[in-house]
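These protein sequences, in sequence, are chains A and B.
Its first residue numbered 1, the first sequence is counted upward by one per residue in the working numbering.
Its first residue numbered 111, the second sequence is counted upward by one per residue in the working numbering.
The set of hints was computed from the structure by calculation and includes no laboratory data.
Hints are not guaranteed to be accurate.
[Said to hold, decoys possible] Below are the DSSO-like pairs computed for lysine-lysine, each with C-alpha atoms no more than 30 Å apart in a straight line:
(1) 9/A with 71/A
(2) 57/A with 70/A
(3) 162/B with 179/B
(4) 179/B with 113/B
(5) 179/B with 57/A
(6) 179/B with 71/A
(7) 83/A with 57/A
(8) 113/B with 162/B
(9) 113/B with 83/A
[Claimed, not checked] Covered by chain A, according to a simulated footprint, are these stretches of chain B (three or more residues, beta-carbon under 8 Å):
(10) 167-180
(11) 213-219
Even for Gly, the Cβ is constructed at its ideal location relative to N, Cα and C.
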Amino acid sequence: DGGITQSPKYLFRKEGQNVTLSCEQNLNHDAMYWYRQDPGQGLRLIYYSQIVNDFQKGDIAEGYSVSREKKESFPLTVTSAQKNPTAFYLCASSSIYGYTFGSGTRLTVV
Amino acid sequence: DAKTTQPPSMDCAEGRAANLPCNHSTISGNEYVYWYRQIHSQGPQYIIHGLKNNETNEMASLIITEDRKSSTLILPHATLRDTAVYYCIVRVKGTGTASKLTFGTGTRLQVTL
């Protein structure tokens, strides 16, 4: 079945460490996105990418970095510069027909 | 980017129709209205979308007003499994040809027995 895979589902890191969240899709979608969700809040866009080797900042890009070396993959790195990294992170992809979301990664920084 | 406004919460009795409103008064002529729902700690699930005509699928119906400034998502026979946060989203255009979703606060629908 086609879809988006985010791994791991739960991730724990110590403060000051960088951490990379994985996002892989086999839908052949060109566009991919990363969102952050805090408790009781909506989704805020971190980064998005239309094609390989191209990506754009979203509304809250500070403290995050991404790469898009392959069409299928769009990893997100949460750097030590991100002041409040503990959150639920969602990856999505889209085509002209619509958007598909992954199941999310819950990151906890202690 | 067009923004959306939704009530923060609604209740609905099981078996009854759930009507979820959304205002998008600054929507542009070529922007679509999308509805997604998110069950706790999962990724949002696509429900339905439309441009200006009413739409219906196996999950729901979407009614868009003639001036396109508001819409209503209708779940005809709500069940307990429909309890979720429902997002009304207007599809915007980013830089170049990229499209990105701007999410509002959503409506938390609680379906009760």
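- Item | Broken hints, by number | 6, 10
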